[in-house]
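Top line first, the protein sequences correspond to chains A and B. Residues in the first sequence are numbered from 1 upward in steps of one, following UniProt numbering. Residues in the second sequence are numbered from 1 upward in steps of one, following UniProt numbering.
Watch out, some of these pointers could steer you wrong.
[Stated by the list, open to error] If the Cβ cut is set under 8 Å, some of the chain A residues that face chain B in the computed set are:
| no. | residue |
| --- | --- |
| 1 | Ser23 |
| 2 | Ser25 |
| 3 | Thr141 |
| 4 | Asp210 |
| 5 | Tyr214 |
| 6 | Ala217 |
| 7 | Phe219 |
| 8 | Val231 |
| 9 | Phe232 |
Treat the hints as calculated values from the structure; they're not laboratory data. We treat Cβ as the ideally placed atom computed from N, Cα and C, and that holds for glycine.
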Amino acid sequence: MAAKKASLTSRNPELIRGIRKYSRSKMYHKRGIWAIKAKHGGVFPRHEPKAAPPKPAEKPPKFYPADDVKTPIPNHRKHKPTKLRPSITPGTVLILLAGRFMGKRVVFLKQLPSGLLLVTGPFKINGVPLRRVNQAYVIGTSTKIDISGVDVEKFDDKYFTKEKKKKTKKSEGEFFDTEKEATKALPQEKKDDQKTVDAQLIKAIEAVPDLKAYLGARFSLRAGMKPHELVF
Amino acid sequence: MPFKRYVEIGRVALVNYGKDYGRLVVIVDVIDQNRALVDAPDMVRGQMNFKRLSLTDIKIDIPRLPKKKSLIAAMEAADVKNKWENSSWGRKLIVQKRRASLNDFDRFKVMLARIKRGGAIQQELAKLKKQNAS
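Next up, chain B with everything else stripped away, as it sits in the complex (with noise of 0.2 Å):
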C-alpha cells in the first residue's frame, strides 16, 4: 500500500512518451510539482514532466546537478545497465525488441520451435502420466 520508488535524486526512470520514448534516464534535479531535471549519459541534460517518467527501483547515489563525467561513473559504479537488463521489467523490454524485429523466416523458425516442445512436453507428461496409472 505504500508507495516504494520515490521520486529523489538519482532515481533512474524509464521515458514512456515522446522523443526519447523508451530511455533510461536519471533524475537529477525537481523543478517544480510537475518536472524533472533528467540526464543520461547519450542525452543532453532537459527537463521532463514526471507523466512521461515510470520510475524504477534502481537508484543511484548523486549529488544534485553531478558534472556528465560524475554522472557516468556513478552509473557504472552502481551498474545500472546490468541491473536493468537482469531486472524482469528489463528483460521484458529486451524480448518485446526482439520479437519486433523478427523477420517472416524468423518467425517462421519460431514456430516450428515452440511446435518441437510442445511436442517435448507433451511426451514427457505422456511418459509420467503412463508412470502414474502404473
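Chain A on its own, in the form it takes in the complex (with noise of 0.2 Å):
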C-alpha cells in the first residue's frame, strides 16, 4: 500500500450481531475496486512477494529420539503490575501492616513493575529505608505530599534482588567459620541513593506542621477505635 490509513473502520456497519448493512456487491462497488480495476486495464493490481532471503541447507538430524516428543504451546502471557488502588497515589503517606516496620508511616513513592510499591520512610525521620511493600499489607491514608521534586526513575525490581552468594569449596579447618559470612554492609551507593531521595522529601515534609511527628510515630488500634469506622 502507498500510505497507511489514519483510520480503518469498515463503511459497512453492524445492523445487529451477525448483519451487516450492505451486500457483498454493495460492498464490492463501495470499496472502489472497480476503480481501482479500472486505472489498471481491468485487473487488480497485484505486487510480487518481496526476494526472502535464501535459507541456508538444513543438515538431517544426528539424533531423533526413541518416542515422540510433545512440543510445548507457546507462552506469551506478560504480567501486568497489581492494580494500584484509587486512594494510593504517588506522595501518600502509607501506614504499613506488618512485617518489621509494621505500624510505620512511610511515603508511598512510586508502583514498580512487579506490582510492588516503592516506599520510603524517609530514613532519617522513622528508620525505614527505601523499601518494597506490597498493597495488600498497607492502609492508604488521605494525606498526602507533594513529590514531584523526587527523581525515582532509576529503582526498579532488579535494584532490590539479593547479591548471589559465589559458592567457594571450603576446607575442614574453614568448615567452622561460616558466621563470618553472615552481615554484609550496605553499599555506600546505595545509602547515597538513600539520602538523595529524602533530601527533597524532608523539604516538603517541614513544611506542614507536625507531618514530621506524624511521620515518626507508629499508628496502633486504641480503646473505642473501630477500624471500619475510621477515616484514613
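Please assemble the complex out of the two chains, which come individually in their own frames, going by the hints.
What follows is the structure, given as C-alpha cells:
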C-alpha cells in the first residue's frame, strides 16, 4: 500500500450481531474495487512477493528421539503490575500493617513493574529505608505529600534483588567459620540514593506543621477505635 | 415528671432511624396513634412512625398542613437552624460528626493538642498548689 489510512474502520456498519448493512456486491462498489481495476487495465494490481533471503541448507539431524516428544504450547502471556487502589497515589502517606516496620507511617513513591510499592520512611524520620512493600499489607491515608521534586526513575525490582552468593569450597578448618560471611554492609551507593531521595522529601515534609512527628510515630489501635468506621 | 415536649403541629423532631437518619423534620399533621405527617425544607412530605422521631425543644408556629413555602418561611422566622446548632444536643451531634470525619493525620494532631492542653493545665495547677502551700 502507498500510505496507511488514518483510520481503518469498516464502511459496512453492523445492524445487529451477525448482520451487516450492505450486501457483497454493494460493498464491492463501495470499496471502489471497480475504480482500482479500471486504473490498472481491468485487473486488480498484484505485487510480487518480496524476495526472501535464501535459507541455509538444513542438515539431517544426528539424533532422533526414540518416542515422539510433545512440543509445549508457547506462552506469550505478560504479567501486568497489580491494580493500584485509587486511594494510593505518589506522595500518599501509607500505614504499613505487617513486617518489621508494622505500624510505621511511610511515604509512597511509585509502583514497580512487579506490582510492589516503592516506599521510603524517610529514613532519617522513622528508620524505614527505600523498600518494597506489598499493596495488600498497607492502608492508604488521605494525607498527601508533594513528591514532584523527587527522581525515582532509577529504582526498579532489579535494584532490590539479593546478591548471589558465590559458593567456595571450604576446607575442614574453615567449615566452622560460616559466621564471618553472615553480615554484609550496605553498599555506599545505596546509602547515597537514600540520602538524595530523602533530601527532597524532608523539605516538603517540614513545610507542613506536625507532619514530621506524625511520620515518626507508629499507628496503633486504641480502645474505642473501630477500623471499619475510621476515616483514614 | 410531667411531659415537657409534646407531639403537636409545628414540633421539630430529629429522625433517629431509617433512610433520613439525623435529619431535622417538622410534624405537620398527626395521622393516627402511631404516625405523623412530617416535612422538611429539602424533603418530600411523608409519613413517619413516632418511634422514628425524637422530639426536640423547638416548636414553630404553623397551621395544619402548610404549603412548603410557608413552612420554609415559618422555619426562617423561628430561626430553627441556629436554635438547633446552639442547643447542647445540636452541638453534641456536630462534634460527633466532626470527630468521625477526622483522618489519621487529624487524629494525631488532636492527640498532640490534648497533651499540650493537659501540660498547660498541670502547670497552672502546680503554680496554684505552690501558692496555697506557701
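Would you list, in rising numerical order, the hints stated earlier that this structure does not obey?
-> 1 and 2
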